[in-house]
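One-letter residues, chain by chain:
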Amino acid sequence: MSDPIAPGTLASAGAAAGLPLLDVAGLTVLLEVNGARRAALRDVSLTLRPGEAVGLVGESGSGKSMTARAIGRLLPPGAEVHGSIRFGGTEIGQLAGADLRRYRSQMAMIFQGPRAHINPVRRIGDFMTEALRTNHEVPRAQARRRAVDMLAQVGIEDGARRLQQYPHQMSGGMLQRVMIAAALLTEPRLLLADEPTTALDVTTQAEVMAILDGLRRRSGLAMLFITHDLELAAAICDRTAVMYAGQIVEVRASSLLHSDPLHPYTAALATARPDITQTTRRLRAIPGRPLSPFETPPGECAFAARCPHAGDVCRAAEPGLVELDGGVSRCARVHELRGQLQATSDG
Amino acid sequence: MSTVMAAAESSASRRGLARLRSTGPAGIASAAVIAVATFAAAFGPLLAPYDPDLPNLSLSWVGPAGGHLLGYDFEGRDVLSRLVAGAQSSMLGPLVVVILSVTAGTLLAVTAAWRRGVSDTAISSGLNIVFAFPGILLAVLAAAIFGAGLPAAAIALSIAYLPYVARVLRGAALKERGQPYVAALEVQGASATAICLRHVVPNIGPLIVAQATILFGYAMVDLAAISYLGLGVQPPTANWGVMISENKDGLLLGHPLPAVAAGLCIVIVVIAVNVLGERLFEQARAVRG
Amino acid sequence: MRGRFVARRLVLLVASLLVASFVIFAALYLAPGTPLAALSGGQPLPPGSAQVLEQRYHLNESFLAQYWYWLDNALHGNLGISITLRENVSTLIASRIWTTAGLVLYASVIIVVLGIGLGIVSGLRSGPLDTSVLVVTAVSAAIPAFVAAIALIMVFAVKLGWFPALGNGTGFLSNVRHFTLPAVALAGASLAIVARVTRAAVRAEGDREHVQTAVSRGIPARYVIQRHILRNAAIPITTITGITIASLIAVAAVVEVAFSLNGLGAYLVQAAESKDIAVVQGISLLLVTAFVVVNLLTDLICAALDPRLAHRDSPR
Chain E
81 MSDPIAPGTL ASAGAAAGLP LLDVAGLTVL LEVNGARRAA LRDVSLTLRP
131 GEAVGLVGES GSGKSMTARA IGRLLPPGAE VHGSIRFGGT EIGQLAGADL
181 RRYRSQMAMI FQGPRAHINP VRRIGDFMTE ALRTNHEVPR AQARRRAVDM
231 LAQVGIEDGA RRLQQYPHQM SGGMLQRVMI AAALLTEPRL LLADEPTTAL
281 DVTTQAEVMA ILDGLRRRSG LAMLFITHDL ELAAAICDRT AVMYAGQIVE
331 VRASSLLHSD PLHPYTAALA TARPDITQTT RRLRAIPGRP LSPFETPPGE
381 CAFAARCPHA GDVCRAAEPG LVELDGGVSR CARVHELRGQ LQATSDG
Chain V
104 MSTVMAAAES SASRRGLARL RSTGPAGIAS AAVIAVATFA AAFGPLLAPY
154 DPDLPNLSLS WVGPAGGHLL GYDFEGRDVL SRLVAGAQSS MLGPLVVVIL
204 SVTAGTLLAV TAAWRRGVSD TAISSGLNIV FAFPGILLAV LAAAIFGAGL
254 PAAAIALSIA YLPYVARVLR GAALKERGQP YVAALEVQGA SATAICLRHV
304 VPNIGPLIVA QATILFGYAM VDLAAISYLG LGVQPPTANW GVMISENKDG
354 LLLGHPLPAV AAGLCIVIVV IAVNVLGERL FEQARAVRG
Chain U
16 MRGRFVARRL VLLVASLLVA SFVIFAALYL APGTPLAALS GGQPLPPGSA
66 QVLEQRYHLN ESFLAQYWYW LDNALHGNLG ISITLRENVS TLIASRIWTT
116 AGLVLYASVI IVVLGIGLGI VSGLRSGPLD TSVLVVTAVS AAIPAFVAAI
166 ALIMVFAVKL GWFPALGNGT GFLSNVRHFT LPAVALAGAS LAIVARVTRA
216 AVRAEGDREH VQTAVSRGIP ARYVIQRHIL RNAAIPITTI TGITIASLIA
266 VAAVVEVAFS LNGLGAYLVQ AAESKDIAVV QGISLLLVTA FVVVNLLTDL
316 ICAALDPRLA HRDSPR
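Residue numbers (this note's numbering), protein chains in the order written: chain E, 81 to 427; chain V, 104 to 392; chain U, 16 to 331.
Among the clues, some could well be false.
Listed next, the in silico SDA-like pairs over lysine to any residue satisfying Cα-Cα at most 25 Å (straight line) [stated by the list, open to error]:
(1) U:LYS174 x V:LEU355
(2) V:LYS278 x U:ALA219
(3) V:LYS351 x U:VAL191
(4) U:LYS174 x V:GLY174
(5) V:LYS278 x U:LEU324
(6) V:LYS351 x U:GLN285
(7) V:LYS351 x U:THR254
(8) V:LYS351 x U:SER155
(9) U:LYS174 x V:VAL370
(10) V:LYS278 x U:GLN285
(11) V:LYS351 x U:ALA166
(12) U:LYS174 x V:LEU367
(13) V:LYS278 x E:ARG195
(14) V:LYS278 x E:ALA196
(15) V:LYS351 x U:ARG192
(16) V:LYS351 x U:LEU324
(17) V:LYS278 x V:GLU289
(18) V:LYS351 x U:SER289
(19) V:LYS351 x U:ALA172
(20) U:LYS174 x V:GLU289
(21) U:LYS174 x V:GLY166
(22) U:LYS174 x V:SER163
(23) V:LYS351 x U:VAL170
(24) U:LYS174 x V:HIS358
(25) U:LYS174 x V:GLY353
Rather than coming from a laboratory, the hints here were simulated on the basis of the structure.
Produce the entire structure from the sequences given, and follow the hints as far as they go.
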C-alpha cells in the first residue's frame, strides 16, 4: 500500500488534475411498481474526484441505496435508466460482458448486513480471494497471502485460521471487516459503501469506521459513503450530499454542513439529532413523514409540505439545482435563507 | 343473544368465503371441483343413472352407447354410475384420514409446543419413530393383521401422516406461543387449555386448513393405491381405486375406458385439492408474516 | 465436529430401527386371536405342528424374550418360514430383492437426471420452457403411480408397442426394457415434485444478497451460477430428492403389481392378503430399514453440503 498521505492533499491534487473519477449527471431511474412506472431517482448529479470521500445522506426511501446500485450496475431487471454515469471518463450504462466485468473489478462495493452478503456455505478464504483468482488471475497461494495481510490491516490477527472458517463462526462486526478487507484486496479505484455500519452495534460501528477511514486514506481510494447518519458522513467525508425523495437537495463541504447549510432539510436533519453535549427540553422531529420519490406532488418542491420556510415560490414550480459557494442546493429560496438555516437546539 | 350469535356465525362464513375468493380463479375453480365431488360422494347412489352394482356379463366391455355415456365395465355395469357411486368411498376414506390425523396432530403439536421440555421431547421422539413407516407400508401391515378393508387402511394412514402434520403445526404453535399476547393472557390468569383452544389454535387455523387440504390429496392417492392393491375397499363396492384394478385387463384387451375414467376422476380431484391447498398455504403464510 | 454429528445420527438410526422392529414384531400380538392362529395364517394345523411352531417361535416364553429371539434371528438373516410357500423367508426375499432394488434405482436415476435437470434449467431462465415445465409438473405431480401405469401401458405398450407391459424379462438389456415403463410410472409424480422444488430453490438462491456481492465483483455469470447459486441450492435440492427417493421404496409395491413384476412389494401384498405374517414382518423390516437408511444418507449429504448443520455443536 502507499505511504500515509496527509488528508486533504489528495483532494487538492484531484482538484488540480480536474478529471472526476465518477461523474453522475442527470441520473433518473424508473421502476415498475405495482404495474406502473414510477421514478425512484430524479435528476441525480454527483461527482467524485480520485481519492475523495463523499457522503450520501438520506432517510429510508430517499434513493441513496438506489443511487449506489445504479452506479454499481445492480439495478433490478426492467429498471429504466436515463442520464449518464461516467467512470474514468467512460459511460458505464451500456457496458456489457468483459467490459462490464473490468469496470466492476475497479469498483468495489461493501454492503449493509454482511452476513447476508457473504455465501454461508463457502469458507472466508474462498470469499476473500474469489475476485483475485477469477478476475485478476492471481495464483491461489499468493491470493491467500495477500488476504492474510489485508485481514491484519483490518484488525484480524490470526488471518490464516480465519481464512479456513465459515461465516457463521464469526460475529457481524468481524464479517464486516472481512468484507472491507475483501473489497480492498483488488485495489479498486472507487469504493461504494452502502450503510456498512448500520447493522452493527455502536462500539463495533466506531471500530469499523476507524478502520475504513484509515485504510481509505492510506490507499488513496475514492469513496462514496452512504448512510442515514449526517454526523457520521460529515466526520469522514470531505463533501456530503443530502438526498430527499429521490433527488439531491444539497451538496456541501462537510465542515460547513452544520454552520452554513444550504437547504432547510439538511438543517432539519442536523437539528433533529439530539446532541449529547447539550440538554434539550424537546426532541425536534421534522413534521410529516419522508416521501418516497413517486409520492411527491408534481410542480412544486418535494420538501415544501414539511418545510418551515416554505414560500409561494416553493409551491409554484419544482426548484432546480443552484450552485453557490462551492456547494449545490435545490432550495428555491436559498439566497434569502442564507445564514438563517444553521442547526439550532432548543434552549 | 341469538341474533348476535347468528351475526357472528354469518360473519365467520363471510370471512371464509372472502378467503376463498381471494385465492384467485384457480382456487375457486378447484373448490368448485371439490364441491362437485363432495356432492357426488354425499348423494352418489341416488344420483347414479343406472344401478352401479348390477352385473350383466353379456354387456361387458361394451363401449359408450345410448344413455351410457362411458360404456360398461368388465362385468357389464354402467361405468358412469359406478364412478358417481364410487365417489362416496373414494372421498370418504381420505376425509376420515384427514380428520383423524389433523385432529391428533394439532393436539400433539400444541401440547408439545405449549409444555416444551420433557413433553416436547417425548412427543417428538415418538413421532420420529412413526416417521420410519411410509404410509402404504403401514396400511399393508394393518391389512395383514386386521384383514383387508377401508377402516384399517384409513387408521393406518392417519397414524403414518401424524408426524408430518405435527411437525408443521408444532413449528407454527411454537411461534404463536412466543407471541406477547399469550404471555399477557397467562399473566391475567387464563388457563393453558383456554389459551390454546381459544387463541393459539384459531390463530394457526389457516395453516391447519391448508395442511388438511394438501393431506387430503395424499390420502386420496394412498387410499386409492391400497384399494387398487386389494387391501382397502373390497370389490364389488364401487371405488375409483378398485375400478382401476378391476378393469385393468381392459387395457390390454382394447377397452381402456373404464380404468382410464376412474383414473381421471382421481387425478382431477387431486389436482384440484393440490391447487387449492397451495393457495391456502400462501394465504396462511401471508397472514402469519 | 463432523464426527460427532455423524455418530449422533447413527445412534438415532439404530434406536429408530429398534423401536420400529419392535412395532413390527408386536404386530403378531395385535392380530385378533392367538399368536399361533396368526402364525398359521388362520389355516387349520395338522397335529404336532402346533408344538413345532410353539418351540420355534418360543411362544411359551415372555413377550420380550420372544422379541429378543426374533430380532436375534433377523439380524442373522433368519426371518422365519413362510406359511404359504413353506420356504425360508430369507430365500424368498433374496430372489426378489433385486427386482425392487433395480426398479427403485432406475426410477431414482430418472428423478435425479430429469427432475433436477429440468428444475435447474427452468429456474435459471424464464420463458416458454419454464412455463411448460410448471404446467406439466403441476399435472403430473397429481397423477399417482398406478394411474400413470395404466396411461403408460395404454400408450406405449398397447398402442405403440415400444415397451412390454408385463414381466421382468431375462438378461440385462431385456430387464431394462421391461423396467422402463414401471420406472417411469414410479418416478412420474416424484419427478414433478423434485423439479418444482429445484426450480424454486434455484430462483430463491438467485435472489439472495450474496449472489449480488459476487455479481458486483465482476465474477463471470457461469461461476456465479456454479459456485453460488447451484452450490447453495444443492442443499434443499438434496433434501427433497432424498425424501422422494425414500418414498419410492413403498410406492414400488403398487407399480410392481401394476406391471406384474416379481418384486418384494408385490410379494408383500400377496403375503398380506394370505396373512403370511412371517413374510410380512420380514419384508416390512427390510423396507423400513431401507427407508430409514436412505433418509439418514440424505441428512448426511446435506450436512456435508451445509457447514452450518455439522458445526451446530462445535464452539466458535
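Tested hints:
1. U:LYS174 x V:LEU355: 10 Å, holds
2. V:LYS278 x U:ALA219: With Cα atoms ~24 Å apart, LYS278 (chain V) and ALA219 (chain U) stay inside 25 Å; holds.
3. V:LYS351 x U:VAL191: Satisfied, since the Cα-Cα distance of roughly 23 Å is no more than 25 Å.
4. U:LYS174 x V:GLY174: 21 Å, holds
5. V:LYS278 x U:LEU324: Holds, at about 22 Å.
6. V:LYS351 x U:GLN285: 18 Å, holds
7. V:LYS351 x U:THR254: 35 Å, violated
8. V:LYS351 x U:SER155: Judged against 25 Å, a Cα distance of about 21 Å means the pair holds.
9. U:LYS174 x V:VAL370: It holds: about 22 Å lies between the C-alpha atoms, which stays within 25 Å.
10. V:LYS278 x U:GLN285: Given that 25 Å is the threshold and the Cα spacing comes to 46 Å, the pair is violated.
11. V:LYS351 x U:ALA166: Measuring from Cα to Cα gives roughly 11 Å; hence the hint holds.
12. U:LYS174 x V:LEU367: Answer holds: LYS174 (chain U) to LEU367 (chain V) is near 19 Å, not above 25 Å.
13. V:LYS278 x E:ARG195: 24 Å, holds
14. V:LYS278 x E:ALA196: 23 Å, holds
15. V:LYS351 x U:ARG192: Measuring from Cα to Cα gives roughly 21 Å; hence the hint holds.
16. V:LYS351 x U:LEU324: 48 Å, violated
17. V:LYS278 x V:GLU289: 16 Å, holds
18. V:LYS351 x U:SER289: 22 Å, holds
19. V:LYS351 x U:ALA172: Judged against 25 Å, a Cα distance of about 13 Å means the pair holds.
20. U:LYS174 x V:GLU289: 68 Å, violated
21. U:LYS174 x V:GLY166: Holds: LYS174 (chain U) and GLY166 (chain V) sit about 18 Å apart, inside 25 Å.
22. U:LYS174 x V:SER163: 22 Å, holds
23. V:LYS351 x U:VAL170: 14 Å, holds
24. U:LYS174 x V:HIS358: 12 Å, holds
25. U:LYS174 x V:GLY353: 13 Å, holds
Going down the numbered hints, you'll see the structure goes against 7, 10, 16, 20, while the others check out.
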